[in-house]
Amino acid sequence: MIKYSEKYKLEVKVLKTGLVLEGGGFRGIYTAGVLDVFMENGISFEGVIGVSAGAIHGCSYLSAQKGRSIDYYTKYCNDWRFMSIKSFIKTGNVVSVDFAYHELPEKLVPYDYKAFDNCGVPFYVTVTNLETGKPEYIKINDMLADIDCLRASASLPYFSQIVEINGNKYLDGGCADSIPIKAFQNMGYKRNVIVLTRHDGYVKKQEHGVFAKLLYRKYPEFVKTLLGLQERYNQTLEYIKALEKNGEIFVIRPSVPLTIGRMEHDSVRVREVYDIGASDARREMQKLNDWLAKA
Numbered sequence: 003m004i005k006y007s008e009k010y011k012l013e014v015k016v017l018k019t020g021l022v023l024e025g026g027g028f029r030g031i032y033t034a035g036v037l038d039v040f041m042e043n044g045i046s047f048e049g050v051i052g053v054s055a056g057a058i059h060g061c062s063y064l065s066a067q068k069g070r071s072i073d074y075y076t077k078y079c080n081d082w083r084f085m086s087i088k089s090f091i092k093t094g095n096v097v098s099v100d101f102a103y104h105e106l107p108e109k110l111v112p113y114d115y116k117a118f119d120n121c122g123v124p125f126y127v128t129v130t131n132l133e134t135g136k137p138e139y140i141k142i143n144d145m146l147a148d149i150d151c152l153r154a155s156a157s158l159p160y161f162s163q164i165v166e167i168n169g170n171k172y173l174d175g176g177c178a179d180s181i182p183i184k185a186f187q188n189m190g191y192k193r194n195v196i197v198l199t200r201h202d203g204y205v206k207k208q209e210h211g212v213f214a215k216l217l218y219r220k221y222p223e224f225v226k227t228l229l230g231l232q233e234r235y236n237q238t239l240e241y242i243k244a245l246e247k248n249g250e251i252f253v254i255r256p257s258v259p260l261t262i263g264r265m266e267h268d269s270v271r272v273r274e275v276y277d278i279g280a281s282d283a284r285r286e287m288q289k290l291n292d293w294l295a296k297a
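Numbered according to my numbering, the sequence shown spans residues 3 to 297.
The set of hints was computed from the structure by calculation and includes no laboratory data. Heads up, some of the hints might be wrong.
[To be verified] Computed beta-carbon distance windows for the label pairs:
id : residue 1 : residue 2 : range
1  : 206       : 144       : 33 to 39 Å
2  : 80        : 294       : 20 to 26 Å
3  : 261       : 163       : 27 to 33 Å
4  : 164       : 206       : 31 to 37 Å
From the three backbone atoms N, C-alpha and C, an ideal C-beta is built for every residue, glycine too.
Work out the full structure, taking the sequences as your base and the hints as a guide.
Shown next as structure tokens:
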């Protein structure tokens, strides 16, 4: 596990074009559709950073396993161990750790760890430090050994146990930095493609309040981070709009609002959202290729 700051000076001189993947729970299957089309068209990047579900689907992109995400999402979205209140009651996590991060990638729908090791593309996942309330961007060097970093990035507040790594306590990266475009720019990725999971015009409303103060009262900085999420997210969307207008970034976002449950159990609906992502990406492919060619 390497935080970006530890290797920043070594990498910033050679890296240029990055891919930024927003999270969003089951909305992230939209991103999987986009990434599969990228694979179809040989679209690659010099670095990838993902948050929560964005990090989850970014894994299959970096191992070049087209179709893997939609395969296991449609197969197992009805399995209580995949994501459910039952899992939360039985294990303390809405997503069963043993199932989702071990049995599934190691046995049921095997992840190509060797392909990831050989891809040569730096991959960062965003996590939120509970003690500081700040985002951290952890580089995944070994997917098998660093799996808890990926898990931390996707561990929803309220519905997940705190993930402890090297003495630090973490939860979902989206709490502190939902779309880490500024972080990636600071790491040397000056031209970025961003995949969002909210449609154009979306404005986040306040989601956290009394419950955050009660449940995380031992972590006052984290509570402040949760309470400030709405404002930070909307400001980031404004920043993205400005960069997009200037041609500094390329954005793929849902062409329609994604109406999918946070714990969706309808495989047909999962496939529909995936197909929207694939369709949106195909429609933007020529523009994307033209934009990338200008780098």
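Does the beta carbon distance between residue 206 and residue 144 stay inside 33 to 39 Å, or does it fall outside?
About 34 Å separates the Cβ atoms of residue 206 and residue 144, which means 33 to 39 Å holds.
Does the Cβ distance between residue 80 and residue 294 fall inside 20 to 26 Å?
38 Å, violated
Just to be sure I understand the hint, the distance between the Cβ atoms of residue 261 and residue 163 should be within 27 to 33 Å; is that true here?
At roughly 29 Å between Cβ atoms, residue 163 and residue 261 fall inside 27 to 33 Å, so the hint holds.
Could one say that the CB atoms of residue 164 and residue 206 fall in the range 31 to 37 Å?
Taking Cβ atoms as reference, residue 164 and residue 206 lie about 24 Å apart, which means the hint is violated.
Figure legend: structure checked against the earlier numbered hints; hints not met, in rising order: 2 and 4.
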